[in-house]
Every structure is written in structure tokens, then in C-alpha cells.
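Kindly produce the complete structure, drawing on both the sequences and the hints.
Residues in the sequence shown are numbered consecutively from 313, following my numbering.
It is possible that part of the hints are untrue.
[Stated by the list, open to error] Distance condition first, Cα-Cα at most 30 Å in a straight line; then the derived BS3-like pairs of lysine-lysine: (1) Lys429 <-> Lys360; (2) Lys429 <-> Lys362; (3) Lys429 <-> Lys371; (4) Lys360 <-> Lys371.
Keep in mind the hints are simulated off the structure, nothing from the lab.
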Amino acid sequence: MARYFTTEHEWIEVDGDTATIGITDHAQSQLGDLVFVEVPATGTELVKGKEAGVVESVKAASDVYSPVSGTVIESNGALEEDPSLVNSGAESEGWFYRLTIADTAELDGLMDEAAYKEFVAGLD
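In C-alpha cells:
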């Protein structure tokens, strides 16, 4: 499985034409303790770069954007009950949703892990 990252601090793990998406550990650390997470419902059609969800912390509310277009096949309902899963495991059990990728060519231009780390280092 390949993992990619966006400049908006979302990660996407790709397995064939299926992808799992969430926010990065850097994003959750900047937000602080999360108190609410809204994820897209199963069946939702998402468009690359458009809003896919919302995270709210004690500091701020932020939109989450879809790194690729596709149809949501599963949402992480556990986040509604326990938003802190994103704080404790942003890039593992704190995933937001899974989708079927409409066009894998949309993965072009996303960063690999090394490029993302370099991007984040440049933000300081």
C-alpha cells in the first residue's frame, strides 16, 4: 500500500482503487485536543480538493478536504463517539473514511512521506 500526503495535511493510503483517508499527526498536534469530528456518510460522492468533513478542537474548527474524488464506502463511526482517537492515532485508528477512487491519476502531485516531512519542516 502506498501512502500520500496533501499540503492541507490529509493523508491517503491507497490499496488498488480503494483509499483510506485521515488527517496527519502534524495536523492533529496543531489543532490540539479534538472535541468533534464530522466524517462523510457512506455513499457520499466526494470531489478532490472539496470539503469532506470537519474537525473541531478546543482551539479551532477546520475543514478536511478530500485528496481524491470518489465514493465513500465506509466512515469511521468511532470518531463520533471518541474524537480523541484522532489525537492518539491520527494516522492509524483515527482514520476518517474509505472511498473507491474515481480516477487514480488524481494521486499525481500528492507528496510521499519524505516530501511531506520536508514540507512540514519548511512551515516552522
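Consistency of the hints with the structure:
1. Lys429 <-> Lys360: holds (22 Å)
2. Lys429 <-> Lys362: holds (23 Å)
3. Lys429 <-> Lys371: Measuring from Cα to Cα gives roughly 24 Å; hence the hint holds.
4. Lys360 <-> Lys371: Distance of about 27 Å is within 30 Å: holds.
The earlier numbered hints are all upheld by this structure, with none contradicted.
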